[in-house]
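**Q** Sequence:
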Amino acid sequence: MITSHYDGKSGIRKHILEMTHMANQLRSMDMKISDGFLVHIIMRSFGPNYDPFKIKYNTQKEEWTIKELILHSVEEEERQKAEKQKIKDRLNLTNAFDKGKKIYQGESSNKNSEPEGEQKQEGIKASTSPVPLSTSPYCHFCGLDGHWQRNCTRFTAWLVKKGNPHRPNGSKEGSEHSK
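Under the UniProt record's numbering, the residue at position 18 of the sequence shown is numbered 18, and the numbers go up by one with no gaps.
Treat the hints loosely; a few may be bogus.
As the list claims (entries may be wrong) - Computed beta-carbon distance windows for the label pairs:
{"hint": "1", "residue 1": "E83", "residue 2": "L159", "range": "17 to 23 Å"}
{"hint": "2", "residue 1": "L93", "residue 2": "C142", "range": "15 to 21 Å"}
{"hint": "3", "residue 1": "D145", "residue 2": "E83", "range": "50 to 56 Å"}
{"hint": "4", "residue 1": "A82", "residue 2": "P48", "range": "17 to 23 Å"}
{"hint": "5", "residue 1": "H21", "residue 2": "E75", "range": "19 to 25 Å"}
{"hint": "6", "residue 1": "N92", "residue 2": "S10", "range": "22 to 28 Å"}
{"hint": "7", "residue 1": "T94", "residue 2": "M31", "range": "49 to 55 Å"}
{"hint": "8", "residue 1": "K32", "residue 2": "L93", "range": "53 to 59 Å"}
{"hint": "9", "residue 1": "M31", "residue 2": "E83", "range": "37 to 43 Å"}
{"hint": "10", "residue 1": "K56", "residue 2": "M22", "range": "23 to 29 Å"}
{"hint": "11", "residue 1": "R79", "residue 2": "R154", "range": "55 to 61 Å"}
{"hint": "12", "residue 1": "L91", "residue 2": "H147", "range": "42 to 48 Å"}
{"hint": "13", "residue 1": "R90", "residue 2": "K161", "range": "46 to 52 Å"}
To be verified - Here are the simulated EDC-like cross-link-like pairs (lysine to aspartate or glutamate), alpha carbons at most 16 Å apart as the crow flies:
{"hint": "14", "residue 1": "K54", "residue 2": "D30"}
{"hint": "15", "residue 1": "K54", "residue 2": "E76"}
{"hint": "16", "residue 1": "K9", "residue 2": "E78"}
{"hint": "17", "residue 1": "K14", "residue 2": "E68"}
{"hint": "18", "residue 1": "K56", "residue 2": "E75"}
{"hint": "19", "residue 1": "K67", "residue 2": "E18"}
By construction, these hints were calculated from the structure, which means they are not laboratory data.
The C-beta atom is built at its ideal place from N, Cα and C for all residues, glycine as well.
The whole structure should be built from the sequences, with the hints applied where relevant.
**A** Structure, rendered in structure tokens:
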């Protein structure tokens with residue numbers, strides 16, 4: 001009983017009940033084991049993952065009964081499982097982004113995700129379709145095929161209306177960077 005340790009594979013409740021059963025067998029052989037001592041032995045059998053839990057118990061003035069120990073231990077076990085699951089989810093998400101895979105996270109996923117342009121680029125990298133990307137000119141301003149935005153008459157008219165004259169050669173006349 002003193003040398004048994006919690007393996008982390010079976011549930012904590014099962015471990016505590018097994019230890020309690022061993023104590024009851026010793027009690028039937030006229031060995032007196034108080035509940036406080038039994039709680040102490042059970043707490044010692046927990047692994048290093050439960051060190052903060054043990055510290056929490058030791059800082060309290062009152063001693064727990066076996067039922068209270070089971071209750072608090074199961075809560076701690078559930079908390080640790082949830083924490084491990086969060087870590088696994090983060091690693092899976094990180095690994096998927098590293099490999100260039102798209103991950104569906106629901107409608108609210110855009111709040112903390114990468115900018116839209118980077119997601120599209122990743123999607124293109126991960127694409128394995130045999131159809132090549134179109135190289136024909138496409139205007140992003142008016143949405144028509146056959147010309148680029150820089151050659152679009154609607155775009156040049158819009159630039160003039162805004163006070164930015166269109167420069168067909170792409171030069172940056174009047175800017176600080178041109179020499």
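**Q** Which numbered hints are broken by the structure, listed smallest first?
**A** When the structure is compared with the hints, numbers 1, 2 and 14 turn out to be violated.
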